[in-house]
Amino acid sequence: MNGMNGLRRYQWLMGILLVALFLTGCETGHDFVKKTEFKDADKIVVIFAGPVDNAWATDVSNFSVYEEPDPDIRLNIKEAALGPDKTTLTLNFEAPLNQGEAHILSTTNIVSEGQDLGAATLTVKKLYFGILMTIFLGAALIQNFVFTKYLGLCVFFGTSQKRSTAIGMGIVFTTVMVFAGMMAWALYQFVLKPYQLTYLNIVVFIGLVSLSVQGVDTILRKVNPALFKAFGVYLVLVIANCIAIAVPLMLADNEYNAWESLMLALGAGLGFMLALFLMACVRERLELAKIPPSFRGLPIAFVTAGLFALAFLGFSGLSIY
Amino acid sequence: MSTTTKSNTQLLVDGILKENPIFKLALSMCPAVGISTSVMNGILLGTAVLFVQVFSGCTISLVRNYIHPKIRIPTYTLTIATWVTVIDLVLAAYVPGAYKAMGMFVRLIVAFAIITMRLEMFASREPLTKSFWDGLGMGLGFMVGMVTLGVVRELLGSGELLGYDVLGFKPLLFFVLPSAGFFVVGLMMGFFNWIEVAYNRRKEG
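Chains Y and L, in that order, are what the protein sequence lines are. Sequential numbering from 1 applies to the first sequence in my numbering. Sequential numbering from 1001 applies to the second sequence in my numbering.
Just so you know, nobody snuck in bad clues.
If you only want the chain L side, here are some residues facing chain Y, beta carbon under 10 Å, derived:
id, residue
1, ALA1032
2, VAL1033
3, LEU1078
4, THR1082
5, PHE1105
6, GLY1181
7, MET1189
8, GLY1190
9, ASN1193
10, VAL1197
Just the calculated beta-carbon pair ranges, DEER-fashion:
id, chain 1, residue 1, chain 2, residue 2, range
11, Y, PHE38, L, HIS1068, 55 to 63 Å
12, L, TYR1094, Y, ASP59, 51 to 59 Å
13, L, ILE1073, Y, PRO194, 25 to 33 Å
14, L, ILE1043, Y, ARG221, 42 to 50 Å
15, Y, LEU318, L, ARG1202, 46 to 54 Å
16, L, GLY1103, Y, LEU307, 18 to 26 Å
17, L, GLY1168, Y, GLU37, 50 to 58 Å
18, L, LEU1089, Y, LEU13, 38 to 46 Å
19, Y, ASN224, L, LEU1062, 41 to 49 Å
Interface residues of chain L toward chain Y, partial, derived using beta-carbon atoms under 10 Å:
id, residue
20, MET1029
21, CYS1030
22, GLY1103
23, THR1116
24, SER1179
Hints were generated in silico from the structure; no laboratory data involved. Just so you know, even glycine gets a beta-carbon here, dropped at the ideal spot from N, CA and C.
Sequences are here, hints too, so could you generate the full structure?
Here it is, written out as structure tokens:
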């Protein structure tokens, strides 16, 4: 595979991306607070740097919690419990928390061994990396576009006859998807939404996908003619793939930010590649199998895809949070 | 300019039977697998596709002499996208419940290969009336395919038709589950192939 060697050169880019991901979403609220996190469905755990006063910590009225977008709605705390080491405080809520949103926890002056350490305003949110991984795994495996969302089937059945074709299509599709996804995000957030043109979503996104295909085509032709010769034929097929238009629509519907959009596009592309590769492996074997004449070709491919779809149901239990 | 010798009714019938988009051309399979769980879904999405197919066919046919050949594909895409936006907003406004059940598929009509293919093969060469009948035939063919799948899945899966209890029991609950779409389409394609082979053999012998 010539193409794989070419990709290896860009590994440093992946490294920078990963570091950037880890750096996003770390914050400190108060010097005395080491860590805040969600626990179970209805608990927030606060870990202090030293022991705090039992009477202060177990008084529910010392704390107030709201979701970041609506500061007016205070969430009811049922019970506050301090661990035996006096540093772990568990806030028990009456209703399950919406853990996708960041929660703001404000306390009255923290009392620790008779000292007053001042009030604190803390942000409780899931580690951002975890949210991104959830979106990525969701798009690639749990909600695989081919096997659980039933999208992109025309191209899927057309290009899954040989493994080499499957890999080529997968790589080209992932590249175009990331390209188009990021442009769609920028266009949606900075043009369509501010000017209230969201009803033009379909027209704009389909144009954008064609444009990215054309762009990748032109760039690849100049930068790496060998790669273009190997993969150029698949570029046209990307436009005919409904996943290519479904991803921009999904990231607009869910109001994803830049990183989340990138993860969705990447997950969609890699998930499609995985589906293609698995299917190609089976179809290469099917060529040699004895199949009833009326089932040869597409019908048996559909039945095989059905078995894969059942297998992919098993991923529904997989999630980081 | 007209290159087809088929009559209007011939175009209509061909779209439904001989060139059926789902079972014969095997195009636009995504909705056929994804949301053919009920007859109602089939009728609604079929209507939407029919609308888009007929109107974009007529639009392209009207302006076919003014489109530069180099930009014809983008022109088709934008025309389809415009009509999809129209039907998308209309369905969202008047049948919100059913629209929600169909999820993203109404908006994804824009990527259906069948519509672009018909514009390229037919509407860009033929006059308005012929294009209208061809669009009608293809749209109806799609709807018939979707409804056939819907009938099979709903009747065998939940023993109902259009929400009314017909059989009183559920012969094959598996059919109505979302992941069974692949099996049903595969089995039905095989079944139609089998009928065709048997029919041809009888004709010969």
